[in-house]
Amino acid sequence: MSKEEIYERLNTVFRDVFDDDEIEVNENTTSDDIEDWDSLEHINLVAAVEQEFGIKFTMAQVMGMKNVGEMVDIILGA
Amino acid sequence: MGITSLYFLIFLFIAFAGYYILPLKIRWMFLLVVSIVYIGLSANLILLLYPVITIGITWFCANRIEIIRESAKKDDEQRRCKMHICLAVIFDVGVLFVLKYANMGIYTYNAVAGRIIRGFESTEPLRFLVPMGLSFYTLSIIGYVFDVYYGIAKAEKNYFKLLLFGTYFPLLVSGPIVRYKETGIQLTKEHRFDYKNLTYGAQRILWGFFKVLVVSERLSVVVNTIFDDPDTYNGMYIVIAAFGFTLQLYSNFSGSMDIVLGISKIFGIELPENFRQPFFSETIQEFWQRWHITLGSWLRDYIMYPVLRTNTFSRIKDRLKTKYGKKKANHMTTYLAMLILWFIAGLWHGGAWKYVWGVGLLQGIYIIVGEIIKNSRNNKKDSDKTAGRYLVLFKRLRTFVLISVSFVFFRADSLTQGFAFGGKLFKRWSIVTGEAGKIGLSSVDWMIMIVSLLVMLIVSILQQKTDITERLAKTNIVLRWCILFAGIFAVIILGNYGPGYDAAEFIYQGF
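Residue numbers (my numbering), protein chains in the order written: chain X, 116 to 193; chain V, 13 to 523.
Next up, chain V with everything else stripped away, as it sits in the complex:
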């Protein structure tokens, strides 16, 4: 059941009505039931077993850690706590690995062995049914058990409350990755009906629908047409496809986040923002602080910081210090930890090398090169501060281009195809004429898409300066409703439903 489908809207309406009719105290239980029904309607209900068991083990370990900490018997405390966190993490990561990465191992083995051994018979990939939102809820619950271990969060005594934290249905679509101490405790609080939450939430959903159905779906036609017909499209079209895909991914993923955050707002639950106008970033590092924010902060807190504070890393740093001096040793160890972080980030996106490279190591390399350049010019710090408007614009464009280059691998079928696609950039810069020249869209659709992208750009510029929802709420009632009706009609009339329409696909949903 896609979240842009009519069925989902009906489901949401029933859930919303039921939630506010029921007594305050049991509303969170109803949310759990709704989430289970959602899983049943969207996929196979048997798949619920995965989160039920994984969260069960995590719940047990987190509570054990707290009991060990609070008990009077202090001997061996550290070791016993470590044992429990290891058990939880190994189990959670283990399930994720088997379900998501077993086939990556098989494909890699087939490819390598096929080249070395003559007459090699390839191993069949395994077929699994993967539970919804696996990659998202796994990270959220690993974060939770670490927070208990670090003493940042209290262990949740009630198993069903933790189960809701892992299976809360808006989060299963495509995140965000949440923290227990922020989102988890909100889920089970008593939320009274608030008209403001309803209107703000509904507006946000509408905006998400616009991004996904009007913009992203049209961009996907252009991008797919170019990618699927490598004989026709070369040169300039590769640039169009690369930029187009970056914009498609943004409108699709950030649009789905608008819908998810909007839905949650209606239930009175504030989820963390995952995007903050990423295309205004001047560096790649800044880009990742504005794009998929919750993944970046999760990796920083639970991978990079702990890795950098291990004894192994301290020893590496000490060795480097004697050879290269303190400053360089600091930087080098940070870069090494960054590469580990980005390798995991890439792997998280999917069990394929194209992700490990495109949304993984390549991003790490971009940031490290950026840091090296910055450090080498450190003495001329002030030169940047006087940067004019054009320099800022140049830096933003540079970031956009670099990101688009890396996202080509995200879109490609494989790492090899990604490189091949890049190679085509240097072939024939001729213009394709005739019907193929329109790249899958009619002139009217092109116009709708360009105007819609401009609307998104204007909204982004406004969002940089002000809270646009608050501002809309303060405008004159006639103007406000004109804008809202325009939005509703735009989605109904201009939404790209096409023949055999079955709700838009969410790129991050399969993760």
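One chain only, chain X, in its complex shape:
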């Protein structure tokens, strides 16, 4: 799976979770850039990403992910 493909699929997940079709994520996207990405929605986002890619993040990854770039690296390494 290429990075571009992952970003493409992540865009779909983000748009669905945050109900916003204009979201376009890149490696530097953080929770500050997406209005509804708060601590309450974080777990829902994580669960949606896990389901999309058939992976399971560890708690350390859930708590420590700082931007979408890190999320992609974890997906690539899974």
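If you're looking for bench data, these hints aren't it; they were derived computationally from the structure.
You can trust all of the hints, since none of them are fake.
Here are the simulated BS3-like cross-link-like pairs (lysine-lysine), alpha carbons at most 30 Å apart as the crow flies: (1) V/Lys173 / V/Lys193; (2) V/Lys386 / V/Lys407; (3) V/Lys173 / V/Lys94; (4) X/Lys171 / V/Lys166; (5) V/Lys112 / V/Lys173; (6) V/Lys193 / V/Lys37; (7) V/Lys339 / X/Lys171; (8) V/Lys338 / X/Lys171; (9) V/Lys208 / V/Lys173; (10) X/Lys181 / V/Lys338; (11) X/Lys171 / V/Lys329; (12) V/Lys339 / X/Lys181; (13) V/Lys166 / V/Lys201; (14) V/Lys166 / V/Lys193; (15) V/Lys339 / X/Lys118; (16) V/Lys340 / X/Lys181; (17) X/Lys181 / V/Lys201; (18) V/Lys329 / V/Lys340; (19) V/Lys333 / X/Lys171.
It should be emphasised that the depicted structure is a prediction, and the values quoted were computed from it without experimental measurement.
Given the coordinates of chain X, assemble chain V onto it according to the supplied hints.
What follows is chain V alone, placed relative to chain X:
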């Protein structure tokens, strides 16, 4: 030994001098000795046994988890790690529960059984001596063992380093709740003397003294006068007391944090901020990201996230999905986890139902209602972005009012008294005349209090935009010293010492 007492300042001076005289390598050991002496001077030294044993067991379990992980024998690894984390958590929480909540059970049992059984003889509450900072260090070390379990932090091999993490004396006053990978490792690093740390730390302590002694102590007179005399004060005075208590709690708790963070800064150790201008919050959710920040983030990371990722919660979510659809199922499970989080948050504040409701479930309900309203208007997202200044102000005031309502329960003696106090709001909105009309303070004290609150407001507005300590450091030396002397004199002259003064009480110290 209260941290606003003269004895404490002398103690601090000796600790500070000793710390920087000793060789770099053993400075952390000296901090441990100072912390033990502090416990001995402030409470009974025998109480040191609690953290010594609790931290001992946590230290053992964390190291076992790491050894199991690193060993070649991989079978059963997960189960053995789980067993050790359970042992640590059960022990840590167990001590906290017995010491803090056994009496809550007894009082509740007495109240319920007393109503049902005729001639019921109530059970006597237990009398314990509780170690200083119990609720704070328990959460910090539980967080530590979870971090080791999750692989976020390395297990500390040296028991005494972990003991310092749990008993570092500034933290025993009223937190903040700290993380091992941030604060723990700093404690044992070699810190050289830095003039900037000394001046910044001392300024922060001074600001804390101002908040506690000049502002909070005066507000407490007004709040106590109204609360203690329910026959005289009704209606409008209830509003004054509710708002007054919110401001009192803020100046007291955030002031004590300024003192604690300032002390720590002098030793070269940066503690995490616990407050970030909370009264500028537009929602309750935002308020709790700015008020007692370290408690909120602890509960998020070690309660809410793990709970939401359990299999039970996944199953609940799946069931809800088939009935209500994915979006609603997501929200509903989050709300359920929120209620669990807030129940624990309330309980953490103390073994009484008034806390479970006022600083617990009610906050959860506020946030959930806020979320439901937000989600129902999600299609009109942009309307808020164009919000004018007045709408922002309205939202901030609304948050302040809602928080003040919930904090009435915090201040009340019991849950019932909290509701009764609310009921009095609708009685007699008449003005009390004569001496009682001054609500315990002289006209001069009222003036000092109002001006001081305005000073706090101005500082908060400035802090929103800039780092005020850095800015002060860059101002002209004459002006800077004028401001600092004004602060010192304000604390010495205007500090509310009163007759029989024995240092200010810290509301969060008993936790």
